[in-house]
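Trainee: The residues making up each chain are set out below.
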Amino acid sequence: MNTPAISELFSLPPDVKKIEHVDDTKAKHAAKFVMHLEDHTAGNLLRYSLLRNENVKFSGYRRPHPLENKIELKVHTNGKISPKEAAKQACDNLCTEFIKMKEAFLMQVKEFKGEGK
Amino acid sequence: MTDQYGRGLRAPVIEILDIGRYTIKFLLKECHISIANALRRIMIADVPTMAIDLVYINDNSSVLHDEFLSHRLGLIPFKSDTVDSYEFFRECSCKPSCHKCSVEFNLRETALDDVKDITTDHINANNPDCLVKPVKYINADGNEEDPILIVKLAKNQKVDIQCIVRKGTGKEHAKWSPVATVQVQQMPQIDISPSLEEDLDTEEKIGLVNSCPASVYKLNAEKQTVDIETITDCHQCQECTIYLENLNKKNDLLKVGQHEDHFIFTVESTGALPPEEIVSKAFTILIDKMSELSQCTEESDAKD
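Residue numbers (my numbering), protein chains in the order written: chain A, 83 to 199; chain B, 399 to 702.
Simulated from the structure, these hints should not be mistaken for laboratory data.
Derived lysine to aspartate or glutamate pairs resembling EDC-like cross-links, with alpha carbons at most 20 Å apart:
1. Lys-192/A with Asp-479/B
2. Lys-100/A with Asp-686/B
3. Lys-569/B with Glu-690/B
4. Lys-553/B with Glu-507/B
5. Lys-427/B with Glu-185/A
6. Lys-170/A with Glu-690/B
7. Lys-531/B with Glu-675/B
8. Lys-100/A with Glu-696/B
9. Lys-162/A with Glu-696/B
10. Lys-100/A with Glu-690/B
11. Lys-100/A with Asp-444/B
The structure displayed is predicted, hence computed values, not measured ones.
Please put together the full structure from these sequences, using the hints given.
Mentor: Have a look at this one:
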């Protein structure tokens, strides 16, 4: 009855941006990023990656509603970098990490198969 | 912020334990649980494969009704090695369907004299050169297994079905998921105190070895020590610590726990993609996802 359309899982309405950046009105150096079409996969990854940054005082994410395909990521920094910079760094760090992991994995597979023959 | 998350970049280590025709087992070390979980979630829900998505039923006099039959057809795994050369149907510019986003199959069978089994062998591609086709399973001996049974027809019953196979992901429907299961297990960790050697006599040591239902321990008869034989079999049932407790020994002789950042992955493919391919595709998807998020964060404008 009120099942969301499957297309909502994959595409955004034309006037909506993938990531909305909302500055916190009550605290300095704090912001909320609303990430559309993302779920716990990216949310938990980014939260953890942000916490590894020494300039980040707080980071957490939530998925406001199970039928809405978006997450909210909150970031609070110490002022040396902006929350936006911190979030971008977190994404970039994860990206490099996954590239390394993929290379390592492919190499291991090659080695394993070489041994088998 | 506490230091429990560490600082800077990490370099997870991967070690392959086994690669089979349909399964892969590997270790992921020095890696936070969020990364292990992301990898698991991506493999289940985001690696694309091909599956029957649209079914036209021209004739069906079998005992199964149309919806039942369509559902069974949808769940058949299709060989998807060429999945990257296809477009997602919703992203393809064609009007109803085209060869870039869909593959057509047909299933036309009649039982003429006796009961007839309709299996995946009866699904024929309209284009015989097509590389996308129902999976044929090969068992451990290297022989082909029986094809998947779709429906049984009694005498004079008939099915005439046209199927459209499309690319999709497990996020939309589980039939597109390339894996049966992805198992992520935290690596067990057993610390045996050096004083155990002196504190227990031989009988007690044998009792300790036998107390483990997973046969993790082994008694080294020469040195009179208890060794760990197969740590991966340990399921932390604590039977060994309970045994030592009942002996009224000091309780720090043996400690059974788990590594926080050390995981054992077992990926079971449905046969649609080779298991190592699923993992490497999952990494590619994660890399793309992160670079897209990085780009979009950069472009997002602050507003109050």
